[in-house]
Every structure is written in structure tokens, then in C-alpha cells.
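Peer 1: Each chain, letter by letter, is given below.
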Amino acid sequence: MARVNWLRRHVRPEQLRELSLLALIVVAVMFFGSMIEGYYSFRTFNRIASSVAIIGVVAVGQTLVVLTRNIDLSVGSIAGFTAFFVGTLIANHNGVNPLLAVAISIAIGGALGVVNGVLVAWGRVPAVVVTLGTLAIYRGVLVDLSGAKTVTTDSLPQWLVDLPRLNIAPVGDLDVRPLFVVAVVIVILFQFGMGYLSFARRFYAIGSNPEAAQLIGLPLKRVVFIAFVVSGALAGLAGFMTLARFGNITVEAGRGLELNVVAAVVVGGVNIFGGSGRVTGAMLGAIMIGTLEQSLFRLGVSEFWRDALLGLLILLAVASDAVILKRLNRIWARTELKRIDSLAERAP
Amino acid sequence: MNSLRRWETLLFVLLLAVVSLNATESRYYLGVGNFINLFQLSIEKSIVALMMAFVIIGAEIDLSVASVMGLAACVMAYTFQQGAPLPLAILLALAAGVLAGLNNAFWIAYVGLPSLAVTLAGLIGYRGLARILVEDRAIGGFPLWFNALGQQGLIGPLTLSIMIFVILFVFFAVLLHASAFGRLVYVVGSNVEAARYSGVRVARVKTALFAGSACVSALAGVLYAARLGSVRGDMAEGFELDVITTVLLGGVSIFGGKGNMVGVGLSLLLILNLRNGMGLADITGNTQNYVIGGLLILSVLVPNIYQDIQNKWKGRER
Amino acid sequence: MTAAAELDSPILDIRGVAKRFDATQALDDVSLALLPGEIHALLGENGAGKSTLIKIITGVHQPDRGQMWLNGVRVSIASAADAQRMGVAAIYQEPLLFPDLNVAENIFICHRDRGAVVDWSTIFRDAEAILAKLGVALDVRSPARGLTLAAQQSVEIAKAISMDVRVLIMDEPTASLSAHEAEELFRLVRDLKRQGVAILFVSHRLEEVFALADKITVFRDGRLISTHPRAETTPSRAIADMVGRQIDLSRRRATSARLEPLLSVTDLGRRGVFEGVTFDLRRGEVLGFAGLIGAGRTDVGLALFGIEPATSGTIRLRGEAIKVRSPQEGMRLGIAYVSEDRRQLGLVLPMSIFANVTLPALRRYRNRCGLMRTSLERRTAETFRTRLAIRTPSVDLAVAKLSGGNQQKVMLSKWLNTNPSILILDEPTRGVDIGSKAEVHAIIAELAAEGIGVIVISSDLPEVLALSDRVLVMREGRQMAILDGDDADPETVMNAAMGQTSAKPLGWPA
Amino acid sequence: MSKLLMGVAAAALLTLLPQVATADDGMATPGKDVSMVLLPKFLGILPFDQAHKGAEEAAQELKNPAKLQFLGPTPQNSVAGQIEIVTNATTQGVKAILLSNNSGDQIVPAAKAAQAKGIKVVTWDSPIPSSEGEDVFVAQVDFGDIGKVMADMTLNLTGPEGGEFAILSASPDAANQNAWIAAMKVALKDAKYAKLKLDDIVYGNDESEKSYTQAQALLDKYPKIKVIMAPTSVGIVAAAKALQDEKLCDKVKISGLGLPSEMLAYTKNGCAPEFALWSFVDLGYLAYTTAYQLATGTLEAKEGAKFKAGRMGEFTITKDPTRAKGLRVLMGPFTIYNKDNVEAAAK
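Chains as they are written, first to last, in my numbering: chain A, 1 to 348; chain B, 1001 to 1318; chain C, 2001 to 2510; chain D, 3001 to 3347.
Certain hints may be false.
[Stated by the list, open to error] In silico DSSO-like cross-links for lysine-lysine, where the CA-CA straight-line distance does not exceed 27 angstroms:
no., chain 1, residue 1, chain 2, residue 2
1, D, K3192, D, K3117
2, D, K3308, D, K3053
3, D, K3112, D, K3325
4, D, K3185, D, K3221
5, D, K3302, D, K3251
6, D, K3067, A, K149
7, D, K3053, A, K149
8, D, K3063, D, K3053
9, D, K3189, D, K3148
10, B, K1312, C, K2193
11, D, K3197, D, K3148
12, D, K3325, D, K3302
13, D, K3224, D, K3197
14, B, K1312, A, K221
15, D, K3148, D, K3325
16, A, K149, D, K3268
17, A, K149, D, K3032
18, D, K3325, D, K3347
19, D, K3185, D, K3195
20, D, K3117, D, K3251
21, A, K149, D, K3339
No lab work stands behind these hints: they were computed from the structure.
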């Protein structure tokens, strides 16, 4: 009993959820490690880290959107759009300041997010409909405006081409690459932001109980709008990261990213009904997906098992949220009641 | 009721406008051959849209339809390649579709998960299974009769798919509007709790919706394979967008309980003619895609704005 | 806190406020003054305009006409945020908490002046301080999810206090509370009163109102009918003002001859919800279920009908042991349950009257091909339209367009059409105008006379007493008593329902 | 039996040939109104854009008043999109369709329907595998030769001791890619290449991200790999970038088919010392000229027919030796690029 109490006081069910995901990742890594020769290497780490970086950044924005009981399916198109246009811009003006380029990426993404946000918050069009639509529109506009061109590595300045393999802090053979660092910084920033900023707490409030939020006068529409703008802006940043990582950008860049991102968020324990979930969870979800993506093919099985497993993971994640987490919450609440009762008895 | 009828009138007027615009813009538009093509080029999506209307009226959504199409086609191609006779392979494909649908239904109707999440998992997972089966290959070499069924007219210029579509349209229209099942779909879509409190077996209705949706998608997948004469793992990728757009544009409410087959039929005709007209005007599929995406958003936005204006007007009248 | 001199001038002065929704005049020229340190009760039937007034005061709606003065300054409250800034707070029947936020955050959610960064240690300390002041023991770090209703109400009050509230509106705050919890709440309310807060208290429970309020105002049909200090009015007068006439719900005389029990329930229970329910229901009998909201009466009904099956105990129908595991089984056994929540659980509002009427018995209206025989459906609906006097131009009309009373009759038709031998009515006259109420009562009596066993679950004590042959009283998931015919007087029932033996409930019509 | 018949038919054709040739001498008649559709595999990559340029150049020379429609699907919708465009073009009654086929034989029903309406279907870059529904294929180079060159380049890069290599192709349905791979496999049977071992064939679908990760995957999966052969312009740059980012350019080399302008940096830094390509501008020019002449009747799609293609000189229609049936016009050699000539070509 005492131990349960200790657990209850120090760990929330949501954290338990993240811990079990972490355990699952460890198990998966150990499994792959035992099956694949030379799996435990810095190369594997780098590989997973750089594939996680892009998904992770977008997943942070998606977390905000899902917290408010919405969904943003247009992130892949936003990332592609940004990657292509910023790529073209840099190709034409090689002297563009790197920071300016990043800022432009974020601005383009944010602007596209504004469109989503306005339509959802003020147009009262369901997010699935809006973002399924803009998924097609943004990609379509990109293809039309691009004039059938490709951004290629040779047209980019050297700093950008070298960016992905730049080693920020060499620790032995371990490369700490900038893209991964960006993702980690974003996650930490948002983790603290979501925990400590008054405004950010409203995302939780609104997803938790939208009617109440409306009644006590929380700016419901504004918060939903901002969630979409942030999601768009981070997708824009991810677009820049895509440009840096792959160098060659066709009009297809970022296609299908939204599926990975939504999967990461859901697997990471962000409740699809809104209100609960953390940025770190989404990042863990992204790591799980990245690990699968980068490891399965080395087992010698079809790379497409990844998708089948991913579908299964989403199902299990949502089911465990709906069934197990609810039960855990009840157990937690019950012990809480008992504690209050005993307090009340002691102090009549 | 009134506003619904108004929506269909609007669709009809739009359809007339598109048809007359097409007829004046392109002299190739009015012709039997073109009309057959116009249907034939999107016939699989049209078939899937019919059942999607049921799902959305039932206040659910099925994002996995395109992946089920791909899965069914791949199961057929794979088993055929492994030596199964084609009719058997087709049956297995349909069975795979039904299984996929039952899997969706289990999680949605019996575990109570949101259909958006479950069918998103299906969208990813079923596609994965399809690609595991055929990987990066293209499987073809089906018997000639099979390809002919997909490509040539069966009665006059009417292909098998078009005839299946017409039969299904009539069947589904009757099913939705005149049958007990159709009534239950509306009831479940309007107020699922009231349905439960009235002794409606909600889980069964939902199971029927998702199994039906997947079964029809599987059939569409096989027809698609017949039309193309070969099968690839990425077949029909992204079709769900067009299918859902068609249904929503047809006046079916994304919140369930509202909509009818006339609207869906009109919206199908509108989209097909629009696409065809743009194609004939040398506007590429890409531009068509985003016009359709825009239509999807507008089909929900416009009624909302209309309602706002109406409310404001009423407020002033007071 | 408040200087004595200010005590006479109102904090909130409402002058000639009116509001219209479509065809209904929800509020018509209402003037009301709330004084500091005063508890002002608001009475009225459903639809009398109480909630509209509350929504106007809290900035959810804007009045069409009229003025509001706060501390002698004319104000317009354009939004809920405005209301909060002016020190106007509201507590509703259902606490408006955020289940995923912790208790402390819930308390301070409306504070916009606590800075952009949440200082958790301060916020926890402050929350603990406020709760300590209220004498409530709660872990401020735990999320609101899983708190009992009473605990949630405490958080709501703490929230109001934290904002330095000057006007507190309480909309049926005790509806879901046990007697003990309600008493705790009143203690907090009286504390606030002493601190000079003006309190607007809305309740349907006359006994609470007369125990607590300093002034009592009655609304009817959007108009203010009367305002009296408590000492100058009586419960029966207040009721008369509410309904517009003295009502006489004459007691239905129990038919004496009793047949064998139709339904025998022994020690019925559902884990964690209710337990130990034992009763017999005979043919032609009306059995009343009395108790406070949340006492578990509805849950017994749901268990009998199979929506939330019982987990223990036995049910016998005409002597045979049965299990009801789903509504379908319940219906097959001839049990019908008419839900308390017409709009959410009872009717499919956008659909036609006839479609609603035939819904539970859909099978009977199917031809061999599975197609609906709509002409037969219409005929059935027409029969009930005549029989129950449903006022509608056509049975094709959407149910949403009917008035509450007629909707209730459609619900009754729907279930009578399944030819039940046992009819469970949950709050059959909630939100129904007084005329239709009498009609519904007459129908219930008629059905019993036809030999149907009827269970009436109602929070309206006079109604239960008037209708029932016997009354079963529940409290906190337990059966407290079954009172036979003449034994069932208001005092006994209320005592059983509140778990008290001594304190005589206040304010019931003599 | 069929061979014999074909031989007879070919002989018969040969006897007819002089008359055809003299009828209009294979010279284009400029200024005729010939509406045409140029249909690439999909929109958005450079080579197809270059082909478009070449076709426009030819259109100007031939003073064709009808505008050339450059219509293509998006990559993810390539098959259905190509079919739709061919079908719509048929309805519009254009005179010729210039198709770079990405749909395998799935395009056949649509192409046949076009021919039935008298439309000339000229494939370029990538043919219809069964050659049904196709008048003639304008081949950039001999597919058998590409196979040999790919084998040669691989051996050059591994050195005489040989080693493991893998192929990174575009899409599994691209007829040209498959033909080249098949030809390379045939070539590998030669004792000269006995020490080369083909590990795997993977597909990047002409998406640079997919190609990039596929290349990485190859590096992980086959630690002893020495060469990645990517006969696709999208795949080769993506693979080169992956190699560079992995800092493995000294151990593993990239080769294949690529555009000099895109490959310049990698050739110079040694990641991709050697690769090959032909001119897509010329290919577009030749395909256009061929289709124009077929549509105006100055040329017939028959084996042995000769025609003049403007600045590119004279060409002959022959049987396509790389397919069971079908005719082709062979454009001509490709260039092998290395650090000596790549810079000049990139300009």
C-alpha cells in the first residue's frame, strides 16, 4: 500500500505511459541489437537521430493541435512547400543569411498555418476537412508554381549542403548533428513552455473541457488558431531541415510526413480526444517510429513491415489510452479519495 | 429539411453551369465516348463514395478505403501469382477486404475507439500489408477476360464497372432511404445515445457500416486492377481525399445524420464533369486536385457562413 | 471587508433587462438589485427565464434592452472575461472544471494577472491557502479528473473566492450533492455572505431556499412576478407565484385489490453504483422512486432495462428468474424505459415524429425485403397523436419543432408502441409546462388502470406522492424505505431521502 | 514459325520501302497544324524539362501553329494520371501523343484507343513494354549498350578485383529502367565481370527523400558494398548526397545516369567519379520531329523508313532489338562524364 502511495504521489498515469513507451523502445533496440550484427553503433544512432529530428519537430506542433481536439494533416504539404520555396530562394541568392533563411521558412509555414487556423477557428470547419483540403491545395499550388523544376544540391551554398554532416560536439565516434540538436532544443523549449507558460496551459484547458473554457471566457478560437499557426511554423522549420538533410528537393518533398507525425503523437500518448499529453511523449513516439524505420530493413524483412507495425502501434496506443489509462486514472483517484477520507477522520 | 433541398438545388445549378461551360469551351465534351470516359476514369472512387456516404451519415469516417483497395488488389495479384485461379484470387481479395473492415469495426464498435484514429491506423497498416505482399513489383499478366472486363464495354460502351456502379447506386439509394437499415444509420448518426436507449444494436450497425465500406472498397480495388491490367503496392494511394470530398460536397454532414443519395449523386456528377472539363482544357490533374481540395473546404464553409449571415440578419430584424 | 455604509446600496443593479430568442421572449423588463452580504434566491419553473438572466449577468448573452449597474457605475458585460474582471462569478450545477488540469490550476484558471510564466510553487501554496480557509482537504497537485462532485464544487467556490468575487451566482449548485455535502456548501456560502459578497442563488429545492435566502424572487414566463424578504413569504405562496395559480395535485387513491407481483426484484445491485434494491411491482401499480438527484434511482431503471446491467441480485418476471443484459433483452421481456433526458437520450430530434415513434419497434414496420412501410408508420403515429393529444400539424414534423410537453408525449408513444407490461418513467414531467404535466399524469393513471406496472422516477416530490401507490426511497445508492400508500407523506420521504431522522425538512407545503 | 513470318513480312516491307521514301523523301513539310501532347513520366524533374525545351525548339523550326501541350501527372499519381491524360487527349482528337511511359503495360488500353482514332503514339525515353498501342519508340541509346556501359562503369570503380554492388532504380514499372537492368544482368554473365556481385535492387520512386534513405539502407545492409549504380537522375544525386553525408565517399562510389549540372560537385569530390548520360534536349527534339512527320504523313512507322530530323541529321526506323516486338528510332550515343569533361558539360 505504501509503495502504491509512493508511486501515486510521484508518478502520474501519463508519465507511466511515457515510461512504458520508453521501455518498449529499449526492448525494441535490444531486440534489433540481438538480431543485427553491428547494430549498436554510432552510425545507427546518427541514422535514427536524423530521421527522428524532422518527425519530432513537426510532432511538437501537432501535439499542440491535438491537445485542442483538432488534427493537422497538412503538415507534410507545408514542409514540402517551404522546403521547395526556401530552396529555390537560396539557390537563386546563394548569399542569403542562414538565419534569415530559417526565419523565412518559419514564416512561410506559419502563414500556411494561419489559413488552417482561420478556417478551423472562425470558419467552424472541422479540422479534418480543412487540413485534408489544404493537404491537397498546398501541394497542388507548389507543383503548379514550381514550374516543374527541382532544387538540387549543386545550386545550394556550401554551408547548407554541409549542414547535416556538421559535427557540433564530437564525442569519440559519436556525431552530434545539428538537425538532431535543433529537434532536441525545440522539444525542451516546448516541454518547459507547455508546463510553465500561462498561455500554454490554456491548450490543456480547452482540450480538457471546451464548454467550460467557453463559459469562463478563455479565448477558445484564438488558442485553436495559435495551435495551427505553431504547427504550421514548425512544419516550415521542418521544411528547412528537409532541405538541409536531403539537398535535392522535388515537388514531392515531405509527402506522407503527416502520417508519421500523427502516428508519433498518438503513440506518444497525446490523447486524441484532447486535453492531455506531453511534448516529450510525442518525441518518444517519433523515436519509436524512427527506430522501426531505420532498423527493420536491416533484419532482412520487407521495409513495408514498418507501415503494418505502425498501424498496429497506433491502434494499441489509442486502445490503451481508452481502456487502460482510464482504469489507471480511476485507481489513482480512488487512492486519493481514501487519503482525503483518512485525513478527514483524523481531523474531525 | 429546407436547407438540404436548397443544397441540392445549388449542386444542380452548379452542375448545369459546369456542363454548359464544358460544352461551350470544348467541342469534344458532348459525346457518348467522352461521357463513358468521364465515368470510367474515376469509377472506382465513385463506387467507394457510395458506401462512404453511409459511413459519414452514421457520424463516423473511414480513412482506410484507399488502402483497403490497394490491399485487396495486392491480395488478388499475390495469390494469383502463387498459382491460385483468378476467380479464387478475387474471392480472397474480397475476403481480405471484409476482414480489414471487421478489424476496423471491432475497435470502433466494440472497444469504442474513435474511427478517425482507427481508420488512420488502417490507412497506414493496410497499405503496409499490401506492400509486403507485392513489395516494389508490378504484377500483371492476368487472363485476358479479366482485363477485358475492366477495359471494354460489356453492353454497348458500358463497362462492367459502370454497370456495377449504377446497380450499386440504385441499391444503396433504396437501402439508405427506404430500408430499416438506412433508418438505423440515420438514427445512429443523429443521436447514438438515443439509438442505444431505444434498443438499437448500435455496435451491429457500425460493424455493418465498416464491413460494408471495406467490402465495397475491396471490390473497387479489384475493378481498378482489371482496368489497369496490373497491380502495384501503391495503387489508389490518396483516393480517400476525393472520396470524402465527393460525399461532403453532396451535402452529407461531417457530424452525421444528414445527407442523401441524390446529393451524393449530384456531387459525383459535378466533380466528374469538372475534372473532365478541366482535363479537356489541358489543366493537369494536379490543378484539379487542389480545386477539389478547395471544394471540400467550401462545402462545409459556405453553409456555415450562410448560417452566420442568416443569424445576423435575424438578430437585426428583432 | 465592506464598509457598513455601503451595505444598503446594491452591488449589482439590473434595470429593465429584456432578451428575445426567435419567437420567445425569454426575459421581459426584469429589474433586480443584489445587495452586499445578501443571499438572493431566484425561483421559477424551467423556462421561466432564470438561466437567461444568469447568462446575461455573466456576459454569455447580451440583453436586447435594459441596463446593468455595478457599484453605481453603468456597465456592459460583453464577455465572460468581462464578468470575471468585474468580480462576477458563477457556479453551475455541473462544475466547469478542467479534468486534465490540477486542482490549483483550476482554481486560478481565470487569473490573467498572474504573469506569463506559471510559478508553480506559489500557485500551489496559494491554492492550499484558499482551500484551507474553506476547510477543504484536497491535494492541489492532483488533476481534477476523478474528484467527487462535492470536491469539484469546493474547487469552484475556491475559484470564485480567489478572484475576489463580489457577485456570486449559484445555479442549482446542490442538485447533485448529498445532504451532508450540501450542508457543507451552505456553510461556505454563509461565510461568503459574511464577507459582503452578493449571492444570487437558484434552486428548485424550496427547503434550501427558505433555509438560506434573505430575499426570494419568483420568475414566470420571462417576467419577474414577485420579490419578498424571506420572512414575508411562504413556500406555498412562492409556488403559487411560480405556477400562476394554486395547484392541487390531488392524491391518486391506491387501488386496493393487489394481484400477484409482475416484477420481483431482490437485492439488486451494480458494483460501485447502487446496491440492495428489493421491491415488488404489481400489475396496475404505480411505484414511485423518490430521492435526491444522484441517489441511484435512474441507475436502477437503467439496470432493469438492460442499458447498464445489474451485477448482483435477482430479477423475476411473473415468477421466472430473468437476466437483462441489453436493452434488446429488456424490450423483449416487455420492459420499457422512458429516459429523463429527452434531447440527448430519448429522441432523435431532427427526425420525424413517426420515425421516433416506431424506432424501438422498427421490426414490425419492415416488409419482407427489409423496406420500411412508412404508411403503416404514419398510421401508428396518428393513433398515438389522437390518443395522447399530441399537438402537431403533422406526424412528419421533426420532433425538434415540438414543445417540451409534446416531445414527452412522443416519447411515451414510442414506448407504448412496444406494448410494454412494465413501464419505467424517468422524470416524466421535467421541463414540461403545467398543463401538459396534468395530461401526462392522467395518462400514467390510465396506463396503470390498463394493467401496466409503472415505475415513476421523479425528483418532484409532490408528483411522486400524487401518482404513486407506493414510494421507494433511495439515498446514495441504497434503498432506504418502501412507503405504502398513506405512510408516504413529504416529511417521511424527505427524511429517508436525506438520511435524517430528526431534522424536519423545511418548506414543504403544509 | 513466327520468326519466319516476321522475316517474310520484313522482306515485304523492304520492297515497299523505296516507294515510301521517294513519295516524300522523309522530309518534313513545315507549317502544318499538328496538335501534340508531350507527356513526361511526371512533372517536376529537370530531364523532362530539358526534353520539353528540345521539343519546343523543333516546333519552332517546323513552324507548327498548334501549341505543344506539356502535360504530366504528379509522381504519386503517375499511372492513373498518364492514363487520364492520354484518354483526354484522345477525346480532344490531338494528332500525336509523345509519351514517356511510366505505367508499364497499364497504359496499353488507353494508347490503343488513341491509335484507333488515328492518333500517332510516339514513345520516348521509356517505351511501352509490349509495344502495343505504340507507333514507334524514340530510344535515347541502345538499351543493350546501356547495360554494358553500366557493367563497365561498375568494374572501373571497383577495380579489377571486383566486389559487391547494388542498383538503385526509379520505379518498378519504368520500362526503360527495367530494360537497362535486364541488359546489365545479361552483360554481367560475361567472364569479364565475374568478380562483380549484384547484392540488391531497390527503388527510390524518383523521390529524392526515398532515394536518399534507400541509399543509406544499402550502406547499412551491405557493409562490403563498393558501388551503388543508380540509372536515374533523381536517384543518383540523392545517393551521392547520402554517401557524402555518411562520409563514405572514399570507400563507396556512386555511378549511373545523371545530369552533369547536378553531378558536378560529386564528380569533383570523388563521390561519383564517373557517370553517363545523353542529351534530353536532343531526345525531345527528335521525338517531336518524328511525331510531326508521322502525323503529317511524310513518314510511315515502318521498319527501314528513313527521315531527316532537322539539325540532328538522318535517322532510320528499325526493329527494336531490346523488345519482342516494336519499332524504334535510335538517337545515338551517350557521353560518359568524369572530372575531365563534366565541368564543360555542366554549363
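Peer 1: Taking the hints in turn, state whether each one holds.
Peer 2: Hint check:
no.: 1; hint: D:K3192 to D:K3117; verdict: violated, 50 angstroms
no.: 2; hint: D:K3308 to D:K3053; verdict: holds, 20 angstroms
no.: 3; hint: D:K3112 to D:K3325; verdict: holds, 15 angstroms
no.: 4; hint: D:K3185 to D:K3221; verdict: holds, 21 angstroms
no.: 5; hint: D:K3302 to D:K3251; verdict: violated, 50 angstroms
no.: 6; hint: D:K3067 to A:K149; verdict: holds, 21 angstroms
no.: 7; hint: D:K3053 to A:K149; verdict: holds, 13 angstroms
no.: 8; hint: D:K3063 to D:K3053; verdict: holds, 15 angstroms
no.: 9; hint: D:K3189 to D:K3148; verdict: holds, 11 angstroms
no.: 10; hint: B:K1312 to C:K2193; verdict: violated, 41 angstroms
no.: 11; hint: D:K3197 to D:K3148; verdict: holds, 15 angstroms
no.: 12; hint: D:K3325 to D:K3302; verdict: holds, 12 angstroms
no.: 13; hint: D:K3224 to D:K3197; verdict: holds, 11 angstroms
no.: 14; hint: B:K1312 to A:K221; verdict: holds, 19 angstroms
no.: 15; hint: D:K3148 to D:K3325; verdict: holds, 22 angstroms
no.: 16; hint: A:K149 to D:K3268; verdict: holds, 24 angstroms
no.: 17; hint: A:K149 to D:K3032; verdict: violated, 31 angstroms
no.: 18; hint: D:K3325 to D:K3347; verdict: violated, 39 angstroms
no.: 19; hint: D:K3185 to D:K3195; verdict: holds, 13 angstroms
no.: 20; hint: D:K3117 to D:K3251; verdict: violated, 55 angstroms
no.: 21; hint: A:K149 to D:K3339; verdict: holds, 26 angstroms
The structure fails to meet hints 1, 5, 10, 17, 18 and 20 from the earlier list, while all remaining hints are met.
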